[in-house]
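The sequence shown: position 184 = 184 (our numbering), numbered continuously.
No lab work stands behind these hints: they were computed from the structure. All residues carry an ideal CB built from backbone N, CA and C; glycine is no exception. One or more hints might be untrue.
What follows is a list of derived Cβ distance ranges for each label pair [what the hints assert, rightly or not]: (1) G169 - L82: 32 to 42 Å; (2) I152 - T200: 12 to 22 Å; (3) G259 - G85: 36 to 46 Å.
Lysine to any residue pairs mimicking SDA-like chemistry, simulated, CA-CA at most 20 Å apart [what the hints assert, rightly or not]: (4) K211 - D251; (5) K118 - P79; (6) K43 - G255; (7) K46 - V234; (8) K211 - E246; (9) K258 - A248; (10) K60 - A30; (11) K199 - K60; (12) K258 - E231; (13) K3 - E167; (14) K3 - E95; (15) K43 - K199; (16) K46 - K258.
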Amino acid sequence: MDKTRRMSRIFKGNGKSLIVAMDHGTFNGASPAIENPGETIKKIVKGGADAAIVNLGVAKKFAKELAPIGLIARLDMPPTFLGKGHDSTLIFDVEYALRLGADAVIINVGIGNGVEHKAIPALAKVVNYCDSVGMPLCAEVIPGGFDAGMAIRTLENVARCNRIVCELGPDFIKTPYVPGFKKVVKETFCPLVILGGPKTDNLEEFLGLIKNSLDEGALGVAMGRNIWGAEDPVNMTRAIASLIHENASVDEAYGILKGGN
1 MDKTRRMSRI
11 FKGNGKSLIV
21 AMDHGTFNGA
31 SPAIENPGET
41 IKKIVKGGAD
51 AAIVNLGVAK
61 KFAKELAPIG
71 LIARLDMPPT
81 FLGKGHDSTL
91 IFDVEYALRL
101 GADAVIINVG
111 IGNGVEHKAI
121 PALAKVVNYC
131 DSVGMPLCAE
141 VIPGGFDAGM
151 AIRTLENVAR
161 CNRIVCELGP
171 DFIKTPYVPG
181 FKKVVKETFC
191 PLVILGGPKT
201 DNLEEFLGLI
211 KNSLDEGALG
221 VAMGRNIWGA
231 EDPVNMTRAI
241 ASLIHENASV
251 DEAYGILKGG
261 N
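Could you build all of it, start to finish, from the sequences and the hints given here?
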């Protein structure tokens with residue numbers, strides 16, 4: 001079945017997307033700034049977010065707040081803050097996300113020892129069903145699995161892991177940015193959006209990383225803590241949107257962040 005309508009809810013006319021990840025609650029509880037998801041969703045919508053990644057409980061409870069933007073429903077769950085390891089477990093199915101009005105679904109796809117034995121069969125299962133019902137699938141591709149650490153995220157590993165996952169049929173991919181990202185783009189054939197990583201206080205550097213990723217071929221971002229955890233989430237969303245949809249410079253985006261526009 002065709003996925004065009006649902007994909008257009010996420011990727012806008014220029015083929016790019018500002019996705020805000022708000023799915024942290026299943027491993028970290030009520031993280032600061034998303035204790036009240038409804039209020040946070042209102043802020044990112046006001047700032048110009050194109051879509052949000054949420055867990056299904058948030059999708060159910062805050063359907064009205066999410067209605068103006070694309071809904072990407074997470075189907076799996078990583079280890080909790082009391083757990084261990086870097087693998088994720090598929091806990092919901094695509095049909096449930098369809099009933100909640102999702103525009104896409106997302107699962108973690110860790111590649112490497114201790115994670116890929118579970119991640120790859122889960123990906124195949126979800127790809128098969130998504131293609132049968134016209135539901136876009138985002139694969140979150142991280143070498144070593146969820147939260148495996150920075151040392152394993154080399155350019156070579158990120159590029160090769162993304163190509164492996166591309167071969168298995170997702171519609172778009174969320175993955176870490178690494179310098180030399182053009183190599184990742186060149187070696188894959190899925191749209192790529194970059195994840196955000198840990199919270200940073202160096203805002204100009206953060207905006208510069210996004211600009212670099214776009215210049216090197218990424219089609220947007222799927223970030224959380226550095227957006228909803230910002231001092232001003234509305235202006236942070238506006239600033240990132242200007243980079244993605246208006247081709248703004250880092251200085252222009254920083255001016256928006258600081259309330260200049």
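Outcome of the hint check:
The given range of 32 to 42 Å is respected by G169 and L82, whose C-beta atoms sit roughly 34 Å from each other. For the pair I152 and T200, the beta carbons lie near 20 Å from each other, so the given range of 12 to 22 Å is met. Look at G259 against G85: about 43 Å separates their beta carbons, and that is inside 36 to 46 Å. Annotation: proposed proximity of K211 to D251 holds, straight-line Cα distance about 11 Å (limit 20 Å).
With a C-alpha separation of about 13 Å, the suggested pairing of K118 with P79 holds against the 20 Å cut-off. Proposed proximity of K43 and G255 is supported: the alpha carbons are some 19 Å apart, at most 20 Å. For the hint pairing K46 with V234, the CA-to-CA distance comes to about 6 Å; that is within 20 Å, so the pair holds. Straight-line distance between C-alpha atoms of K211 and E246 comes to about 11 Å, which keeps the hinted pair within the 20 Å bound.
Using a Cα cut-off of 20 Å, the hinted pair K258 and A248 holds, with the two alpha carbons roughly 15 Å apart. The straight-line distance between the Cα atoms of K60 and A30 is roughly 17 Å, inside the 20 Å bound, and the hint therefore holds. Distance check on the hinted pair: K199 and K60 sit about 27 Å apart at the alpha-carbon level, beyond 20 Å; violated. This hinted pair checks out: K258 and E231 have alpha carbons roughly 10 Å apart, not beyond 20 Å.
Proposed proximity of K3 and E167 is supported: the alpha carbons are some 19 Å apart, at most 20 Å. Distance restraint check for K3 and E95: the Cα-Cα separation of roughly 15 Å lies within the 20 Å cut-off, and the hinted pair is therefore satisfied. Between K43 and K199, the direct Cα distance comes to roughly 18 Å. Compliance with the 20 Å bound is thereby established for this hinted pair. A hinted pair counts as satisfied when its Cα atoms are at most 20 Å apart, and K46 with K258 qualifies at roughly 16 Å.
In the structure shown, a violation is registered for the earlier hint numbered 11 alone.
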